[in-house]
Structure formats: structure tokens, C-alpha cells
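If you're matching them up, the sequences are chains A, B and C in order. Per the working numbering, the very first residue in the first sequence carries number 1; after that it's consecutive. Per the working numbering, the very first residue in the second sequence carries number 1001; after that it's consecutive. Per the working numbering, the very first residue in the third sequence carries number 2001; after that it's consecutive.
It is worth saying that the hints were derived from the structure and are not from the lab. Quick caveat, the model's predicted, so the values are computed rather than measured. Check the hints yourself; a few may be wrong.
Which residues of chain B face chain A? A partial, calculated answer using Cβ under 8 Å [to be verified]: (1) TYR1005; (2) LEU1009; (3) GLY1078; (4) HIS1253.
Quick reminder that beta carbons are idealized off the backbone N, C-alpha and C, glycines included.
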Amino acid sequence: MPIIEKWLISKTHLFERLESLSREQTVIAPVRQSDGEVSFQPIRSADEITLEYVNELHPPKRFLQPVFEPLFTFNLGGARPQLTAAPPPSPQILFGVRSCDVQGFRHMDGFFSGAFKDDLYWQRRNQTTVISMACLQPADTCFCICCNGGPYLSDGFDLQLTDLGELFLAEVGSSKGAAIVQTCDRQSAGDKEERHRQALMQACDEKMIPTAYLAKAVIAITNQRVDEKLWEEMGLECFSCGGCTHVCPCCTCFEVLDHRETEKTGLRFRCWDSCQYAGFTREASGHNPRAQSKERVKRRFYHKLSFAYIQADGHPGCVGCGRCITVCQAFGLLDMAAVVKRIRREGQMVAE
Amino acid sequence: MQKLYLPQLAVIDQIVDETADTKTFTMHFDNPHYNAEFRYLSGQFVEASVLGVGEAPFGFCSNPNRTGTFAVTVRAIGRVTRAMHAMHPGDLLGIRAPLGNHFPLQEVQGYDILFVAGGIGLPPLRSLIEPMLDMREKFGRFTILYGARTPADRVYKTRLEEWAQRKDLTLLQTVDVPDETWNGPVGVVTTLFERTHIDPAATVAFTCGPPVMIRFVIQDLLAMGFPEDHIISTLERYMKCGVGKCGHCAIGHKYICVDGPVFSWRQIKKLPER
Amino acid sequence: MNVPTVCPFCGCGCGLILEVEQNRVCAAFPQRSHPVSRGTLCIKGWNSHEFIHHPQRLTHPLIKKNGVFKQASWSQAIAFAAQGLQRVQERYGAHALGVVGSVKSTNEEQYLLARFSRSVLQTANLDTAMRLHASPTVRGLLPHWGYGAAGAAMTDLESAKAILIVGANPKAQSANLGSFILQAAKRGSRVLLIDSREQDHSRFYGQQIRPRPNTYLLILQAMLQTIISNGWQRPAAALSSGWKEKLAAYSAERAAAAAGVTAQEIRSLTESFATAETAVIVYGDGITQHADGLACVHALWNLAVITGNLDKAGCGLLPLMNSNNMQGSIDMGMATELLPGHAFLTDRSAADHFSRIWNCSLPEEPGKTLPEMVRQAGTSLRALYVVGENLAASMAAAPALARLDFLVVQDLFLTETAQAAHVVLPACSFAEKEGTVTNLERRVQRIRKAIAPLGESKPDAEIITLLANKLGSAWPDRDALSWFGEMQNAHPAYGQLDVESVSHPGGAVWPVVRNGSRYAYAPIEAPTAPGDEPDAEFPFLLTMGPGRLHRMTGTLIQHSFTLEREEPFGLLEVNPEDAKALKCRSGSAVRIKTRQGEWVGQAAVTRAVLAGTLHLSVFDREGKALALLGTLMDPRTKIPLKVCAARLEMA
Ligand SMILES: Cc1cc2nc3c(=O)[nH]c(=O)nc-3n(C[C@H](O)[C@H](O)[C@H](O)COP(=O)(O)OP(=O)(O)OC[C@H]3O[C@@H](n4cnc5c(N)ncnc54)[C@H](O)[C@@H]3O)c2cc1C
Ligand code: SF4
Ligand code: SF4
Ligand code: SF4
Ligand code: FES
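All chains, please: the whole structure from these sequences, using the hints.
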């Protein structure tokens, strides 16, 4: 494990720093909205930032893979079509991202790498500084402790903050993080602060859903030993709203579409899509390999929990953020925590 | 400049009507340097864009040994394919290629070769048949079975004539619904198996066509005693990115666009959904 | 930027947040603290941003010259529209003019359009698609309950001990309502379903009975009869005289025989319903669009009264509304027989009130309803002003529209209806304007302007004002929301709300005056012959209803990529027994013939439909499927029926 530099920085001071950084790049931080919810939004002034928030429903993955993202523009007006790649994104700082979402970013990093490295994703990613927040306020749907998704991390962030009251405990995870810390007035942190943090994390752990262990479900799904009847029941319950995949920090599927703005000009963009939709796999002939929603529900959990994927990704496709618990129209029946429980309790075929 | 999703422009050289709803598009890349460097393998595919309409995947149908141009055969079925059918030689398409894995060519040398194609399944196989015929001596017995709905629904009618003339291969064709021009066999493609001599242990079979046909073909081949990894097929799925990112084509943990479209039956069998 | 607003699709009225970047709506996601959505949305809500920027949005007024549309300026187009309407008015009189509003327009816009029709055009012919779904609800409930509206809220589904669903598929049609009901079922509430089609959630419900279409009235009357004969009525519910005798004719056995169910099923379902301490009754198009819809609404009302299931928590009737503001059409009196505030036109004191504030005279009798306007197009109806309704699809009205002397269409897209217009006025979407909408539980909520109107498009209210003023009125040019005040004066229940209260997430529910459960019974009515019965030539009973996505005319769905992709074509549901006889499989091409028309499409073989019945799930855009139905309608409410006899063939 890398030795992490730990510092103490006063809250107001760091906020001032963020405010001045916002003159040079986009600083995105939790901001209370008119409807009372807290949402990650670009800020101009430190006063806009709130630290009183549970994780936003609309996940911060949108800052790395926007819901709507132009790939290139085209102009068919001239002698030959002109294609222009989307302009490179500008630098951004994501302040206050929770640990689970940082783990989600790492999942995306892995997925968008490989033989076909997604340069569009990486352009944005490389321009992004992640200042994460060790989690003291889990929502009542959180279970990151079951998924190695938090409440605090040992790596994966540029800078990790723990709220110690007047001060932040700041842990440096990268040179980008170090660059920010270097411009701050700081003192080095000691055992006392470390113990303080441990105590806070302990308290946080206790607030989480403790029953969402994935292991049994991973085994059952990998070995295709989940009772078909359970999938069928879940398929009937599911509304195919696609919410669970939209909000999931580990879901990355997208659709690619052309949009004509005028007769001759337009753009090709990608936008979030969901494997829970029948249209996701329906072919032009009308044939649909996943026509029934039970097949689609099965697909979602196969992707998140099968050993084949865990091996490829290095971890399950769930960081325990609990969002799919909130957005599921079949309340409490088809979210990750519920499904692993159902598979564990009622869903396994007896061994032959 | 990001490149993964940015197509290269290609000029359509020639458009040939194959059937009432199918055309073959031969083209080359507009950028001469890119065109000169461009190579692909049998079984790989392109993502073809009609700008402003969309993008769709098509298997190469041309012989990879003939560099300088390449071709795809396209059935008009939806937005992109219909827009392609409305194009003319000289028009420009966007092309991202080559994508996907390829048919085993070196690995099957020394074997008897059996092709079983249905309808629009012949094009991708043609991109393998032709380079094989370029080195015909490397293979044993060479059999092509082709089934279509009607005689008019067969693609590459002149090429089929040429193959039929050749002494070093057996071409058998069948149709579901004959017309007055047809004096060949009638019935589904699997009925042709009885008319050929196949030694399952020494043969590698390649099959492409509608999913139902493939299912029956594989059933019969297995019954004949083909080893599971001597049956090679292609899988089709709704595809968007072609590079393993958009998620549409995933079956189990395989991405058809990257890990496929070419699979042996042994691999297909193991997938958790089919 | 995040803009909180309300979903533009079904009647649930989910709260959603639009994510806006550079004047483009990029995403929609749910409001966590919203009482209906509770952090969830259905597929439509999640993708409700897609149609907003569709390249085919209308961005300029269009005037047709020699059969082709030419771009025009707003002043030209408004002048052209006004002149056209005026010419028809001068030549044939105001009764030759008609106005069709949209059940998606805001309350303010619908109020303005009603006022425009009555006071500026001075016509009695005004209607919306409310007619096609909810007119039996208005006609059936208003005289007894005082409102053509729901008496229960979604949250009542949480406390109800029983939920009776009749002729509705909440999961498919009003997903979040379906979500409340699924939760109730899983919690152990008695969920009872009367519907001929099986549903995804059927197996999680307590009981379903599957009567043949067109026999629901007999079942409901048999339920009443069973309640009385077992003494299950609540003490407070005194029976009207002669009731027992009247109901004696409706035994469970009779209903069972006609409906193809058993009397025991009817009795046990009735017992579960009647003996529950509290119950909500949910009903939908399966009631209102089938034979005897009004009589069925009466019977449902009677069931609620006799079991004392009104005016308490966990009780009441909850009719589904197919659109985000169909309730608003009723509330604002955007129908020929209604005035704002749930008064019939024939209520003279209400009529006097509105003739005073609108400064116009009001007719004593209703004019033409939507189906009558369509039918009489080219004869007694000469010109139409259509706001956001694709009549060509919803009423198979293309031929009728072609017979009009003058047609003004105001819409987001060049629909089949707009294509028939002489002048097209580009309206803007829910994301480009302010206003309020009312959901199926009377919840009034703000929609908010998230982006500037696309191109030159304008909010409906502004266009209606321009047209009114061109036609000689002097309406102030104010923004849509400031009409809220005037609308409130007109509608006593809305008068108790204010802009602030409706602006919170979840808005405010307009209050009803409670009557302490002393409600009069509605009449017990005998079933009528539906008119198009199966026979040897047309042996099947075909029903039609909304699919999960496509409903109304599908204009918005059609222009939303993900939603269109999800349900790209209509499917004909065929029972496996019938399919076997025809050698028909899922995916086979089939042809339906009825006495009126013909339709070709794909079959879906499923036990969800009863043997001998067919169900067509999607209304296609050209109205071909609708043409199968012909012109059968309920004589009292003029609601076109969605059931007819049919023959099935392989295509
Ligand atoms: C690897 C591969 C090779 C193919 N090779 C050929 C070929 O050589 N010749 C040919 O005519 N067709 C081929 N197809 C099928 C072809 O891609 C579809 O017919 C085409 O995408 C339809 O696009 P559209 O925009 O016209 O249809 P639309 O209906 O307008 O678009 C539907 C979408 O569905 C997807 N889709 C539709 N049908 C299929 C399908 N059968 N398989 C996969 N995705 C589909 C496409 O991504 C498309 O964007 C191939 C498909 C794959 C996956
Ligand atoms: S599966 Fe659910 S809990 Fe897990 S990361 Fe995704 S949204 Fe969060
Ligand atoms: S959120 Fe729930 S209801 Fe919606 S698609 Fe996912 S599992 Fe189904
Ligand atoms: S349930 Fe209705 S209101 Fe809610 S998101 Fe779906 S269509 Fe919109
Ligand atoms: S086509 Fe996008 S992952 Fe295969």
C-alpha cells in the first residue's frame, strides 16, 4: 500500500481555495437546490457548498460519462462531409464525491481501458481531479461496507477528506491531489486525528444495511444455480424503468444516435442506455434475444455478480451506493441488496 | 483528436443489386494513404455510417487478399440500411473497420471444409471462401451448401455460377419455394446433408444465416459427430459501438463485437444465454 | 442546472428534475422527496427529455399555399388563422366552429382555451381527448360526489386494507400507481383485480377474476347484490327503496354465466372487498371504453357508498387518467358540457357566473363533443382549432379533417393532423414554459421553464392570447403562470391554493368538500346490447387499449428515441388455444377483419387474453387500428367504445 501523506487543513481555508480554483477550472461541489435536494453542481463561490448531504440520486458518473455526450459533429454542406471530433473537455474538480462513487470511477476507468481504450472517456478523466469525502452520513440505503466501496478508501482518489469539524483530514492520493494541498496552509496530521477518523467510521459502519453480502449470490449466479422461478418472479415484478442502471456508478452502457440540427449539419452523440429495456437488444427484424424482462433482470445481475465479470473487472459491479434501492419502482424487491438476499434465502436450486 | 468513434470517409465505387432487397457496396477509403495501409481478415466487420442517419454493422463479404477496395452486402431492413440503398456510386459513407475477431484460416489447413449458408448468411462466408480458394491446395474436400427462400433471394448469382463450374469444390443449392427457373433441390438447407459426403472427424464446418437455420444446422452437425470446436458460426446482436463499450452486444461476459462475431460451437454452448 | 418539474406523460404526475446544460435538456431523473415518484420514475419519465430537442420539432409558423406549407411570421400566421375562423363564423355561424384542446396543456392554458372558445369564438363545440377516456367518470361521479375526479390519493393505497382494480392495468398504464399497488400487495393488503386480461402483477395480487369484455356491469351489480344479501353493507349506508328488488335480477350466477367465471369467484372477491375495513377502487379504460361505461361507473360508485368507502383515509375511487393533465381538462371545463370548477353547463347559476366574468352569453345546452365534431366535419362543423391533439390518430379522423373549410393546428410536431391544416402554429414543450398541471389524485403541481422555446415556438397560452386579441379581444399579454390567479377565481377548489403551495415538490391537492359519507346512490342500470357482438363471421371479441408506452396518439413517444424503440409496433394478443387452431405463432403476421375495417400486424401468443378474445395493444399512427372499431359509442357520454367483433386470419 502506498504511504499516504496526511494533512490537516482548515475547512474555510480549503473552501476559499476551491473558490479561487473555480476561476481557472470548473469546480463541482454539493449544492442545495430549490427543491431541498443536494446536487453536484458547478460553483462560483464557496458559500454555495454544503456538507450536509446524503449521496445524490443522479450519480457523479455523469461528470465522466455525461448522459448526453457529443462524439463528433458533421457538416454535409461542402464537397465532402466534414467530421469534427467533439472539442476536448475543460479541466474539472469534483469536490465532495463519496467513496462509493470514487470506487465507481475506478470501475469505469477499468472498463474504458483495454484494447479499445475509450479516448473520449479518458480525455475527460485525465482532466478531472477527484476530492472525495470519507462518508459520515450514509443514507439509510447504503451498504458500501459489503462491497468494499467505502465508507473511506485507501486509494483511488486524488485527495480524500474526512470532516473533523473545523478541520479536514486530507489524504493525498496522487500528484493532482498533492498539487492542491501544496497551495494550502496545512499541518501534518497525527495519530490523534487518525483515531478520531476511525471512531467516525465505526459510527458510520453501524448505520449501514448489514445484510447485503454478495458472496452467496455470486456463487449461485456464476454456477447458474439461481432458481429460474425466482428470475421469473422478479421479471414480472420489474417495471423495466431502467432506473437501476441509470443511477448505478458501475453501469456504463450507452446508445449512439445521430441528430440533425439543420438539413446539412448535425452531430453524433452517445447517451445513457439501459439493459433493462426491451429495445436494448431488439434487432431490426423484430427478433429480440432478451424479449422478456426476466432475461433482462438476469442479465443485470449476471453482469454485476458473475465470476466471469468479477475476474475481468477485478471486483463486483456494485459499490454499495444503494441508489438502486431508492429508484426501483418495485420498491425493495429488485435492488442489489434485496436480490442478493432473495437469492441467498429462497433462490438457490438444491444441488443435484 | 479522439478516434475510437470517428469514422473514416469511404467512397462507394460500385453498387450491385443482389436481390430485391439486398445490394453489395464496393468501396475504398477516401484518404489514399489510409486506404493503402488498410487490411482486414475474413469474418471481421465494419461499422458503416450514413451521416445524419446512423451507424450499423456489416460483415466484410470481399476477399481480404484483394487490397485497395472492400465490400459489404446489405439488406434493407431499417433506417441505416435503407439510407444506404438510396445511395449512388461516388457517394461517401463513414466506415470504422476492421472490427471483431476473424475466422480461423491457418488453423484449419489440411481439413475438409464445409460451408452451410442461408440467405444473407453467405456474404460473411464469402470473405472466407475466396481466400481459401486462393490457396485451394491447402484444404481437403471443399463443400458449399447454400439455401435461400426463393431462387431470386440468392445473393451473388454470377459468383455461384462460377463456383458451380469449378471441379475442385462441390456447390449444392436449395430453395424453400421454387419458381419456373429452378430445377435444383427444394427444402431447407439441412436436407442437402444427405447429398454430400462428409467425414465429420476430418471436416471443419462454417455456418452463417438466420438464427433458426443455424440452430438446426448445428443440431445436425452434432448428430453427424462433428467435434464441438469444428463447428464455427457467427453471432449477431444489436450493435452500436463495435468496440466493446456500449454494452448492446454482450452475451454473458462476451462482447460479440470484440470477442466475436466468430465463435465455435464449444464457445457458444458455454454462454449463459443464447 | 437542475429544474424541478412534472412528467409530461401519464396521470401519475411524477416529480422529475431536468438537467439543463447550455439551453439543452440533457437528462431527466426523479425527485427523491416527491410524494408520488418517491425517487422513482417509469421508462417514460426517465426518457422524458428526449422529444424536447427532436429535429422534427416545429420552429416556425406554417401557412399552406396551394397544398404546400410555407414558413410564415407569427403575425402573418395569426392573421391568417383569425381570418379563416372569422370567415367561417360569418358564413355559417359560430356553431360551425369547433375547438379541440390538449390533455397535456397546463391548467392555465386549458382554462384560457375554454374561455377563448366560449367568449371569443362563442362556440359551444369544445372538447379534448378527455372525452375518449374519462367522460363516463365525469358524468357518473359529478352528480353524486360533486366532482368528476378522484376521491382517493395514491397514499390512500398505502393504508387501504383492500384495493379493487377494475378494467385497468396500473403497472402498464400508470406505472407509479402500479408501484404503490405492488407494494400494497407485497405488504399483504388484499389486492383484487377484475379484468379480462392477465397482468404481470396478477400473480402477486390476492385474487383476479377474468370476465369476458363487456360483462363487467353484470359482475359489479352481482357484487352489490352479494353485499346486500350477505348484509355486508356498512350501517351508515342506508339502502334506497326498491333496491333489493332491483338487484335481485343480478345474481352472481347470472353474471358468472355471462362472463365465463364462476359465481364462487365473484362471491369470494366480493367478500374480500366488502369485509375490508377500508378499500380504494381503481378503474380505467377497461371500464370507461367498454359497453355500459357510465353504468359501470355508477355501479362502482354504489359499491363505494354501500361499503362506506368514501371520505376516509385509505378509501375512495381512483380513476386512472391517461395523461398528465387530463384532470385539468375536467377541472378547467374544457368540454362542451362542462364549465370550470366541476359544474355542468346546464347548471344555470354557474353559467350566469361565467357569462359575467367572461362577458359572453353561454348556451343552455351542450354543443358537439369530439366524436360529434369529427363526424359532422364538413357538414354542420366547418372549421376546427386543434391544440396539441392528433385527431388523425386518436379518432381516425384524417378523412374528416379533409372535409373542413378551415383547420388551425397548434402542435410541437407536424402530426398527421397538422399536415391537414391550413395553418400550423408551433407550440413549445413542457420544458419551455411555466404553468400548473393536475394529476389523477387532484395534485396541482408546477411545471417550469427549463430552456428557452425552440426556434420561434411559443407557449400555448401566448398563442391563444394572440389569436383572441386578433379576433377583437383585449386580453392582457401576461405570462402563463399569472393566469393562475384568474383561473383560481373561476374554480373554487383551486381558489384555496396559491402559486407558492403548488410550487413545492409534490404541489398541493385541491380540496374537496367532504359530505360525511351521506352520499346518494347512483341508479342501478341494466346492461345494454353493446351493438357489435361476435357471430359466425366475426367470432372474436377484440378489445383495444394503450400499450405500456403508446397511448393517446403517441406523438411524444414517437419522437423519443428510447421510447419508440421500446415498443416499435403494435402486437395483437391471441390466446394459445385460438392460435393453435390457426397455426399462428408469436411473431406471425396476422390480419384482423371487423365489420368496419382491416388491420395487419404481428401476433403475440399469450395466455394474457381469454380464448375467444383478442387484444390490440397499440394505436397505430394512421388510425388504421382504430378504424377497426367503427363508430360505436356510449350514447350518453359519447365515448367511443374500444370493443368489437372480429375475425382473425393469417396474413
Ligand atoms: C457482426 C454483424 C454483421 C452483420 N453483417 C451484416 C451483413 O453483412 N449484411 C447485412 O445486411 N446485415 C448485417 N448485419 C445486420 C445489420 O447490422 C442490421 O440489419 C442493421 O444494423 C440494421 O440497421 P438499420 O439501421 O437499417 O435498422 P434499424 O432498425 O433502423 O436499426 C436498428 C438497430 O438495431 C440494430 N440491429 C438491427 N438488426 C440487427 C441485427 N440483425 N443484428 C445486429 N444488430 C441489429 C442496429 O444496431 C441498428 O442500429 C450484421 C450484424 C452484425 C451484428
Ligand atoms: S447495484 Fe445498486 S447499490 Fe450497487 S452500485 Fe449499482 S446502484 Fe449502487
Ligand atoms: S429500477 Fe427496478 S423496476 Fe426499474 S428496471 Fe430496475 S429492477 Fe426493474
Ligand atoms: S408513472 Fe407516469 S408520471 Fe411517472 S414517470 Fe411514468 S409516465 Fe411519468
Ligand atoms: S457493439 Fe458496443 S459493446 Fe459490442
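Hint by hint, here is what the structure shows:
Below 8 Å, beta-carbon pairs count as interface contacts, and TYR1005 of chain B has one with chain A at about 4 Å; its hint therefore holds. With a least beta-carbon distance of about 6 Å to chain A, the hint placing LEU1009 of chain B at the interface is held under the 8 Å criterion. Restraint check, GLY1078 of chain B versus chain A: the minimum CB separation of about 4 Å is within 8 Å; hint holds. At its closest, the beta carbon of HIS1253 of chain B sits 4 Å from a beta carbon of chain A; the interface hint therefore holds under the 8 Å criterion.
In summary, this structure violates none of the numbered hints.
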